[in-house]
Each structure stands twice: as C-alpha cells, then as structure tokens.
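There are 2 protein chains.
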Amino acid sequence: MLLLGKLSRRLLPHRRRFLLCRKAECTSATRASLDGALSALRSVCGEDSVLLGEAVREQHGRDESVHSWLLPSRCCPPDVVVFPHCVEEVSALAKVCHKHRLPIIPFGTGTGLEGGVSAVQGGVCFSLRKMEQVLDLHQEDFDVTVEPGVTRKALNAYLRDTGLWFPVDPGADASLCGMAATSASGTNAVRYGTMRENVLNLEVVLADGTVVHTAGKGRHPRKTSAGYNLTNLFVGSEGTLGILTKATLRLYGVPEVVVSAVCSFPSVQSAVDSTVQILQAGVPIARIEFLDEVMVDACNRFSSLSYPVTPTLFLEFHGSEGSLEGQVKTAEDISQSNGGSDFQWAVDVETRNLLWKARHDAWYAALALRPGCKTRMLCTSSSGPIAGHVGDGNFHCLMVLDPGDPEEVQRVHLFTERLARRALAMDGTCTGEHGVGLGKRALLCEELGHAAMQVTSSLKQMLDPMNLMNPGKILQPRGG
Amino acid sequence: MLLLGKLSRRLLPHRRRFLLCRKAECTSATRASLDGALSALRSVCGEDSVLLGEAVREQHGRDESVHSWLLPSRCCPPDVVVFPHCVEEVSALAKVCHKHRLPIIPFGTGTGLEGGVSAVQGGVCFSLRKMEQVLDLHQEDFDVTVEPGVTRKALNAYLRDTGLWFPVDPGADASLCGMAATSASGTNAVRYGTMRENVLNLEVVLADGTVVHTAGKGRHPRKTSAGYNLTNLFVGSEGTLGILTKATLRLYGVPEVVVSAVCSFPSVQSAVDSTVQILQAGVPIARIEFLDEVMVDACNRFSSLSYPVTPTLFLEFHGSEGSLEGQVKTAEDISQSNGGSDFQWAVDVETRNLLWKARHDAWYAALALRPGCKTRMLCTSSSGPIAGHVGDGNFHCLMVLDPGDPEEVQRVHLFTERLARRALAMDGTCTGEHGVGLGKRALLCEELGHAAMQVTSSLKQMLDPMNLMNPGKILQPRGG
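Chains as they are written, first to last, in UniProt numbering: chain A, 1 to 480; chain B, 1 to 480.
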C-alpha cells in the first residue's frame, strides 16, 4: 500500500501536517482510491460533512485507551471523516468505500478502551453523531429504538418521564450503538445483563452497503427463537462486520426505591465470600462492587470520603418500598456472618450519587495517587470472583505509571500480559467488558483456540471479504 | 436422489418394513453412501450403537409437534440411528457422514414442537442420550457443564444439595443441549431469561467433524467481550450448523422462599394492564402467566380445581423471607387497582406444585375438552403483551381439533397462519420459543426479510457447505 506522502495537494490540503501526524504503524488508503472517492463521498452527504482537517482526523483516530498515550504509534487518524445523517447516506457512503476499497471505521463517542477507532490502514471514519434521534419508544412493550449517535445518558434523559430506563452503564457516556458494538456492560450487569442481553434488533450496514435488520425491519420481539441469532452476531463485533445504524433496546421499569450501602471487610476473601453467598441466596442485587484498600484510600482522598481503609463492597438494591427491606436484611446478615461491618447507608439520591461517583471516579482517584502519571485500565475475568464487578466475576486493575519511564512502561506491559494469562489459566477471559480491539488480539487466539478462531475468521471473510470493515481489530491483519 | 427401495437386503435387513414407513415427502440417503458408511459407523461406536430397526428409526423421526400426527408425511425416520458415547465418537461419526455425504440429524429427547428431528432427506440420526454426565460443577462461579444427554430435570436433581438450580423450564423434560439448540425458554424467562442468556460456552461438532469450543475449551467466563459471540451463533441453530456435545450453563441460587398466587380479572385488558404495571414497578417477578377463561375452565376440569372462570394470572415470586412481602404487596395493589381479585395463595410446595401442574397440564386439559382430538400448539410473539407468558409478550394458542376431519384440519391450518401473520404485522415474531423447524420456514422469510435471510443462508453455507447438518430445517431446501 502506498504511503499518504504520495497524495496530491488537491486531495489533501493539509498534506504537510498530515504527514507529521501519520505514525509508523499506520498505513493509509491509496492515492487512487481516495482520489476517486472524495467527490463521491461529498455528493452523498454534502461538502460540510466530509472533513479532512488534521484536528478532526486526529480526534477520530484515538479513544480513551492506553493506546492513545502509551503507544501513540497505534493511534492512526483516518484519511477523512464523514458525518452521515441517515442510514441511506451510511449505505451510499459504504458503497463508495466498497467500490474504492477504502477501509471503513465506525465512530461513536471515542470512549472505547481498546483502540477500536484507530485507522490502522487509513480509510474513512464514519462519525455517527449526526444521527441522534430516539425513535419508536414502545412504553408498554419496554423497548425503544435509537440512532447510533444517541448516548446512554441522552436516552435516559429522554425517558425521564416514562417510568422506564436503560440500565447498562459502562461509566462513560458512550453511544448506545458503540456500546452494542463493543458488548459493553458495567456495574449493574449482575442484575440487568450486558448489551448482549439487552439488544433486541439492530440495523446494520454491511461493507458493500447492504442494509440488514437482524430481527426483521421494525420488529421488536421481547423474546424470539426465529432463526439464527443475527443480533448477537453483530453485538460485540467492534465494527469489523458492519456499521450499526439503529439499535432496539430492552427497557426496564425505574425501581420505586433505590438504596446503596457500603460495607467494610477484614479481608478480600470475606468480601468475596459474602458476594457469592448473597447471589446464592437469590437476592436480586443491582450492583455489587469490590474495592481493595488501596482503591478505597485513593477514593477517600479524591472524593473527600472517610471509609475505613480495608477491602470494601459497594452495594445497591432496586425494588419497591417493602421488597427492599428483606433483600437488604439478607445481604447484611450474610456480610456480618463473614465479619463485615454494619452497612453504611445511602438512601437519598445525593448521598447515593456521591457514593457511586466515588466508585466511577476510581480511575481519576488512582491517577491522583501519582500526579503526572497515567493509568492503564484492564478488564479481565477469571473463574472465581476476585475484585471489581464481583457479581460478574471480573475486575479492573488500574496501573498508575509514568509514561516517560520506558522501564516502568515495559514492567506494566509485562504485568498486564501476565494478569490476562492468569485469567486464561483459570478458565476465564482476557477481556470481560472492553472488547478486543488492537490490544487483545494475540490473547484472543490463546483464549479461543484454533477451531473457534477459524470460525471467527470465516465469519469475517463471509461478511467482509475485502477486509474493509475496521481492519486490524479483533483479528490480526491478514498475512500480518 | 435414489429412493431407499433400491437399497440392498445386506444393508438393511428390515427393508420391507422400512419401505412401508418411508413417507411421500421423505427422501433417503443414496445406496452407495449408506453402503460405504455403515461399517465405518459401527467401527466408531460399536455394533450395538448403530441401529437400523424400524421401531427405533420411527421413534427418532418424530417429536411432539403437530407434524407428528397432522402431517405424518413430514415425519421421516432416519436411515440409521447412532448412539455415540463421547465427543470423539461424535466427531468420528460426523467425519464418516461427511465423507459419504450423509445427512446428520442430532436427537436429544424428541420433545421439540416444530418437527426439528424429522429426517427429511434420510441420513444418520445422532441420538445423544448415552452422553449423560454432569461435568465441572463450579458452585462458587454459578455454572456447570453438561453432556448433551442430560435433561433439565436430571440437572436440577443433581444440583439438589448445592443450593443452586437451572431455571429455564419449557415444560417438557428436554435435554439441555436440545434446549440450547432450539433457544428454549418457558414460564420463568421473565426473570431468568431464555437459553440465549444462560449458555456460557458450547462444544460443537461441525459437519466435517471439527470440534469447536465457542468460548474456548473449558472456559466458563460469567461475562465476556472476547470476539464474536460464537456461543449465540449456535444457540437456536436447531442442529443446522453443528451438533452440540457440551453446554456450560449459568446457574442461580435457589430462592429462599417461593410463593405463588392466582388472581382473577374482569377482562383480558385488566390482566394485561396489571402485568405491564407490575413490570414497570420493577418487581423482579419470577413467573407471570395468563390463562383465558376457556383455559381456566379446562384446567379446573382436568386438575379438579375451582378457580373463577374468568381471565386469570398465575404469578410466582422468588426471594428471601422479607423481600417477598414487598414484591407481593406491590403486585397485589396493582392487580386490585385494575379490578383483580384478592390473591389466592400457594405457599407450601404441594399447593404450588398443584397450581403449576395445572398450568403445565394446560395442553392435556385442552385436549380433554374434546376427547379423541389433538391440539396444535403455537407460540407467537407480538409487540404487546396479550396472553400466555405475558411477562415476555408471547403466547401459546392451543387449538383442539379432530385430525380425522380434513376440513377442520384445513381451517386450523389457515387460522394458525393468520395468527402468525397477525403477530408479524404487529412487529412481532412468528415463533417466540419453539424455533422454526419445518413449520415456520416460510414465515421466517417474511419475518426477517431478504437481507437477513441472505446472511442466514451465508452462515449455513459457511459452516455446512454440503448441507449435511439437519437439512431442510430453518431454511427451505436449496433449490426446493
């Protein structure tokens, strides 16, 4: 493939700066491809929605992952960013890319954590933020359809007066289609499931521009056994099989009452034992999160709290007025039988928000431990609940490091590899909730084994034979 | 393809009877194929595990569906039934079939309702009942791995002393891999989900004998975002993509307390409104089932009960001692505000069993309304909760008819088609929980539309290019 340096000025007025920001690991689309494509792209969605500026391209080549600062050579800007307004435009743009063999990289909010938006082979970034309508709310059926630019918080704001909500919460205010694409989940997956369980239908534009409705156009069956589960073929496919242009999501009744509690434990084991026993007792707990003493200390400092600096569970219960009492009593009895403290309560919304903000701010709190440093966030799942989202048996490990210290960077890199392999050795997964992206491709092969990787490759080959859809993610580049 | 009549006596000692039972719609494997295959099959799993008798073949060509008695010509016995003992044998047998181009039809318990086991092109039935070990119970991780012969009830009996259970309950004591293959669910899916949500990993033998572990060999991550969701590609594939030889399943804590209740309503609408409002209130209800007055009457007669003959909800609550009180109070308040009766309680296990037996016996109760007749059971889902598993918005309609009356048979057939199309017109699905099998293939095309059917066909072509895996199910026969 030719380097972008050979592109003409006519095509790319920002050529010089472009060359500066093009990194060693990145390649770019061929001159001929881009040459032919640009005017066609413009004629689909208008001059204003086809951008070539350096800043906008840079911004669309990076996410919030380690790849963005620890391995900047992996953050490759696309050659051009397009902003379609509707599925018809997405399909027409995809056809242009297909014709010119240009890579397509879907972009939601750029809040991913595995480098999924990096344009490692150059190409066309499809930013979907102009498609931001909430469509087809069916209150009595508990579902809603959203365009790909709608974020989690925007949807819940829209739903505010309906008594319904969408509970999947990865922390960041990600776009819901981006969350579907990365199989996102979060703190309350233990009760409500992940995106895998909460997407009822998807509209997908394939690499050749074909529009597919995975459960049939406009359908929103709460439960179906009609044919292959095409919806879950695209959930978690990280843009490598198609562009998600609509998602129909399962909604839930807003619980009448929500109460949160904090419980301190004498040891990690006693906190984990309590979690297992609470789940065994069938308590429909909404969230149950573990923080080790280092993290509690960091949260105390960062959020001006004063929790005892010991292994700690943050818990949340959802239900009706009366039903919560019993849930809470069961959980408290179990915790105390394992040496846990009395529950510290957060019933009013402000105290609850303070508590969960402390949990969500764990990353920043960890950063504040070593000013000037960065964190590397991992998500690993093992067979036994250990820490983090203990209800789901997966945990985040936040490594605070100085990116200017190559020895430390290398040490952290080796540690994270060892950590993921430890999870694999315990029959777990190397990535509980951030996807594979760029960073976990080799580990994925170890996790799945040869036969399942063959099926994975065949799926990619079947739906995207020219390897245009977000190439280089999940699967190693062909021949690479 | 040659008819079986041309097979030699050497191959099939039961030739005469075999010819008698071979039905008009069925075709069979070619003489040459079977000729070469039989000794190879025998050498894999032993003489005793390769059966050719008419009775055993007949028994393996039918399930509990309408196809078995209303359209007997669709119930085609396989040419031979094999009983492998382990995955290595399944793989070796599949290789023999692949070499000889013989269709492979997986068989669990034969309790399906869409004709999934009918050997419409003849071939080799793989009965998996000799593989019936429960493997790898991980109590603290809430999961277990089972071989394909293990049934739902056998697993729950095995789990009895662990405080854990597997809740998906389609009524019949189906094999768990059969339930995975058909995406089964049942009365408590509203709380615990269907097989789609509860299978963590599958071992699958593909048409060419390759063994795939969808989430990696031996892994049981409770939550994962590692690559494409291969597990859910095979869940619901009805034996058309591979043979399920192991399933790793999510388990749940047995609830401390279970209480059931019956509530009578003045109208269908008031019962449905109550259901919607109970779900909106966030009550984690375990089961909520609707019976119309005809069904209540039939159940009263069949099970010697005396419920008021009006639209009725059967409800069940799972939880700890204290937590149930609130759940129940919320549900009762809502029901009464819609004109429902006081709840009639069933707290002790005998009364509860009596109540749910009445619900599960609905089929037999309906049959008893017209002695000598048969039912045709449908499962359809529409966008609005109507009846049946109201919590999931899908319902069964049991049509009692005289199979000897061709006019009535035709009338019922037309009615059922109209019913499914009505569900489709309401943006629902033609099959909420029984799969597609033989009976819903044309409706599936209407439901998914051309593009999604193309993806469906491509998946089949990719994993089973010779169309050997349970041919003629889900997809119409090629060229047919």
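Since the hints were derived computationally from the structure, they do not count as laboratory data.
You may find that some hints are simply not true.
Any copy, or any two copies together, can satisfy a pair, since identical chains are not distinguished.
[Said to hold, decoys possible] Straight-line distance between alpha carbons at most 27 Å, and here's what the computed DSS-like set of lysine-lysine pairs gives: (1) 130 <-> 217; (2) 329 <-> 130; (3) 217 <-> 460; (4) 130 <-> 95; (5) 460 <-> 95; (6) 357 <-> 217; (7) 130 <-> 153; (8) 460 <-> 153; (9) 357 <-> 95; (10) 357 <-> 460; (11) 95 <-> 217; (12) 153 <-> 99; (13) 217 <-> 153; (14) 95 <-> 329; (15) 130 <-> 99; (16) 99 <-> 357; (17) 95 <-> 153.
Q) In ascending order, which of the hints set out earlier in this document are inconsistent with the structure? A) 2, 6, 8, 9, 10, 12, 14, 16, 17
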